[in-house]
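Heads up: the sequence lines are chains A and Z, in that order.
In this text, residue positions in the first sequence follow my numbering: the first is 1, and each later residue adds one.
In this text, residue positions in the second sequence follow my numbering: the first is 609, and each later residue adds one.
Keep in mind the hints are simulated off the structure, nothing from the lab.
It is possible that some hints are incorrect.
Short derived list, chain A residues pointing at chain Z, Cβ under 7 Å [claimed, not checked]: (1) L98; (2) W102; (3) L103; (4) G109; (5) L126; (6) A195; (7) I292; (8) V294; (9) A484.
Residues on chain A that point at chain Z, a partial pick, calculated with CB under 8 Å [as the list claims (entries may be wrong)]: (10) A83; (11) L87; (12) R106; (13) I115; (14) W270; (15) P279; (16) L280; (17) G282.
By construction, the Cβ of each residue, glycine as well, lies at the ideal position given by its N, Cα and C atoms.
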Amino acid sequence: MRARFWPELAMAAVLLAAPLILPDLGFSFDLLQRILDWGLIGLGFDLLFGATGLLSFGQAAFYGTGGFVAAYLLVSHAMSSVALALLVGTLAAGLFGLVVGWLAVRRIGIYFAMITLAFGEMAYFLENSPLARFTGGENGLPGVPVPQLGGLKITPGLPMYWMLALLFFVGFVLARRILHSPFGAVLRAIKENTARAGMTGHSVPAYKLAVFVIAALYAGLAGGLLGVFQSYMPPDAFALDTSGQLVVQTVIGGVGTLVGPLVGATLWLWLRDNLQQVPLVGALWKLILGLIFVVLVVVLKRGIAGEIRWIFSRRRRAATEAGVPEEAGEDAAAMPVAAPELPLRATLAVTREDAPALRAIGVSKFYGGLHAVEDVSFDVRTGSIHAVIGPNGAGKSTLFKMLKDEVSPTMGEVLLFGHRITGLGPTRTAQLGIGKSNQLNQLFLDLTVAENLRIAALARARGTFRTDLWRAADSIPAVERQVAAAMETVGLTHRAGVPVHVLPYGEKRRLEIGIALAIGPNVLLLDEPLAGMSPAERVSTRALIREIGRSRTLLIVEHDMDAIFELAERITVLYEGRLLADGTPEEIQRNQAVQDAYLGGLHEHEPA
Amino acid sequence: MPSAPLLLSQAFNGLALGTLLALVSSGLTIILGTLGVLNFAHGALFMLGAYAMYVVIAHTGSFLLGILVGAMFMLVVGVLLERILIRLFYNRPHEDQILVTFGASIVIVEAVRAVFGGNSQHVPTPGWGEGIARIGFLFYPLYRLELIGIIAALLLLLYLILYRTSIGLVVRAGIEDARMVGILGINVQRAFLLVFAIGVVAAGVSGMLYAPIVSVQPDMGGNFLVEAFVVIVIGGLGSYPGAVVGGLIAGEIISITSAFDSAYSDVMLYAVMALLLVLRPQGLFGSEGRV
């Protein structure tokens, strides 16, 4: 990411100019403070929903927790420093976020929204009665003191606005840093394609939990500030409406823009305050906003800030998309003669020198009564190109999934260089050095080619989970070299900045292999790498496969027999879930059982 | 320790609340199970049903007519909502479906508030429900007792529709695999419309039946929405038996806990849900991986 600070500068300018201009447009200081407070909780929420795709309906729980912990500490005189109370409140909200998040992030979509909503309500009821002794129940906590700065009270009005504006600005800068950090890159990958993010070696639950806690911390601070700037902590901070209003404001303002919640809050609160003055429509302000919201969800999904950003980026986008040719027929020429060495590789943990790269021992997968794969054993020699073939439905893809532990076998086990990997899951096996490209493309469609490859390279460089929130995603030299090398290997260097969804199919196919390659695997599994390619693309991809097979163990599933017999040093044949044959291409070609299976000799109904 | 009569009476309250939650949740769960849409407007539709009852009773005075006209009204609302809004979202992400139904709930609630104002309205108990029933040593409001029976009958009716008719067969097959049902040549779109409408009517009728017990006001649905969520998390997403059993369990948890300490009655419900999420994340009747 190039050092572009204009959003920060623009934000600073807006915050500085707001108290000069906006009061004349019907914005009181109280209103401005509220808007900033909503904007602050929205920064965390947008990291959670906009960046990671997790729609939480329970942010009120953390808003209220931060608010009431801070307010109670101050009102009860347990603490005199407002700053310290805010800090403790924020941390308390983060801790609560850790607990709720731990329960919620293991569930996706519908479940996630329901569970966060339910925990939000639980917090509301906790505040309302069992904890009423501390929180004042339905009355809330009045008399929250204002903060002091060197003996100077920060009074309501302009001074309080400056304090909130400063805190919001710091929160905005931090959120932008997070979004553009390696950590943020993984969040975006999770939103784009959760399964692939996990398959490349990132611990998806850990990242989801971390961003959930970050969102809770933002909410906690905003909640604490709510009590401080209005000298009163209201119980409806915990209410379901608070979480709902946050969602609505974010969608109206623009999801995934960070400023969206602030823009949405500005519109929402300004309309509420000003429409109420208008006779006839006064009572209808929320109905109007509700209708705007529904229309936005149905038609304009980008929201206000998102729409503005879209218009501004149109020229740049048109330029990149114009650079994509119709269909890449001649890009055999784009393929490199020799694949550059990848700087990042999984460390080999070889127990015995003669241990095969992969060893399947009696692996079986049963789905109820269906025996997809049954008792298959074979070795993949280190450094070889090994093919698995078989008619449709022979169990090849299921076998491949078990070799990476995407699905765990019902029986049997898989050894990687002598280590048992069965039961570890696709994230750990990626970290241990197994890369896999899929039969159906699993790409991060809204990210660029370079960003796609970076997601994979980051998994190798950073391990399953790391909270490097402050550095830029593209600031790790080894990762950038890895991205460049992988991009060159699959011949996509000239597409580095192009969003993946505009790529032609053949290039998407090569990127699919590139992602598997960029995790720096020692063993690479390619599930039908040639599927759907044109003859010209097949030629270049075969060359590519041979090239990347020079420096690592390669295992291929493919229907293209010409390619298999040209590339493979050893072939395993599956038939109806069982191992039919295993040997050199010559042995396989001569094998009677294999011929029968392919020519329909074993069962008359089996198509060739 | 609360006395035995108090516990027994609370257990009865739990049954009344539980059957109501079961009816509300079954509407939510069949929509979720078949259409894959989590209907955030379910609470608002519950409220709309209560207002429909209020309007009809105010004009005719007849509770039975209220149920009939109200149910027809909810059917129309359900059909319109599906045709205009929901069907646009079958192929959009779950998050978008949640947002649009959430938006619809805001519009419904605010439209009702605009027409009837924010004050709470009173719906009288029907004549046949007035008075107190005496069961042994237990005195219990007659209407609440009858309500248990009426809702049980409605749940049975829903069960018969879902499990004993060919339409129900399509719906249940749709829960398992909507695409496959379509491939078999059955008009899934029409089945979806029907399911959505039935779900909306279930929410509305729950609201109508509950109207005489509570004060009818625009925000009354929110709480029921969340409790219905908890019920289907407990019972298992998209499972009809799960919604019924989960509803009864939730009703009893709330009522029995409040016999000990009413401050904890709602909190306890969520605590049980959290416990279940750890021990059996797919819910009591749910199967792992569905939805």
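Quick rundown of the hints versus the structure:
With a cut of 7 Å, the hint placing L98/A at the interface with chain Z is violated, because the nearest CB-to-CB distance is about 14 Å. Because the closest C-beta pair between W102/A and chain Z is about 9 Å apart, greater than 7 Å, the hint is violated. Interface restraint check for L103/A: the shortest CB-CB distance to chain Z comes to about 5 Å, inside 7 Å, so the restraint holds. For the restraint placing G109/A at the interface with chain Z, the shortest Cβ-Cβ distance is roughly 4 Å, inside the 7 Å limit, so the hint holds.
Residue-level restraint check for L126/A holds (minimum Cβ-Cβ distance to chain Z is 6 Å; threshold 7 Å). Nearest Cβ of chain Z to the Cβ of A195/A: about 14 Å, over the 7 Å cut. The hint is violated. For I292/A, the suggested interface contact is broken, since its CB lies about 9 Å from the closest CB of chain Z, more than 7 Å. Given the 7 Å rule on beta carbons, the hint for V294/A holds: about 4 Å separates it from the nearest Cβ of chain Z.
Contact between A484/A and chain Z, as hinted, is not supported at the beta carbon level, the nearest pair being about 34 Å apart and thus beyond 7 Å. The closest approach between the C-beta of A83/A and any C-beta of chain Z is roughly 32 Å, which is over the 8 Å cut-off, so the hint fails. Because the beta carbon of L87/A sits about 27 Å from the nearest beta carbon in chain Z, more than 8 Å, this interface hint is broken. With a least beta-carbon distance of about 7 Å to chain Z, the hint placing R106/A at the interface is held under the 8 Å criterion.
Because the beta carbon of I115/A sits about 7 Å from the nearest beta carbon in chain Z, less than 8 Å, this interface hint is met. Interface hint status for W270/A: violated, as the beta-carbon distance to the closest one in chain Z is roughly 18 Å, over 8 Å. Taking 8 Å as the C-beta contact cut-off toward chain Z, the hint placing P279/A at the interface is violated, the least distance being around 14 Å. Interface hint at L280/A: violated, since its Cβ lies 11 Å from the closest Cβ of chain Z, which is beyond the 8 Å cut-off.
The interface hint given for G282/A is broken, as the beta carbon of that residue sits about 11 Å from the closest beta carbon of chain Z, more than 8 Å.
Hint check: violations occur at hints 1, 2, 6, 7, 9, 10, 11, 14, 15, 16, 17; the rest are consistent with the structure.
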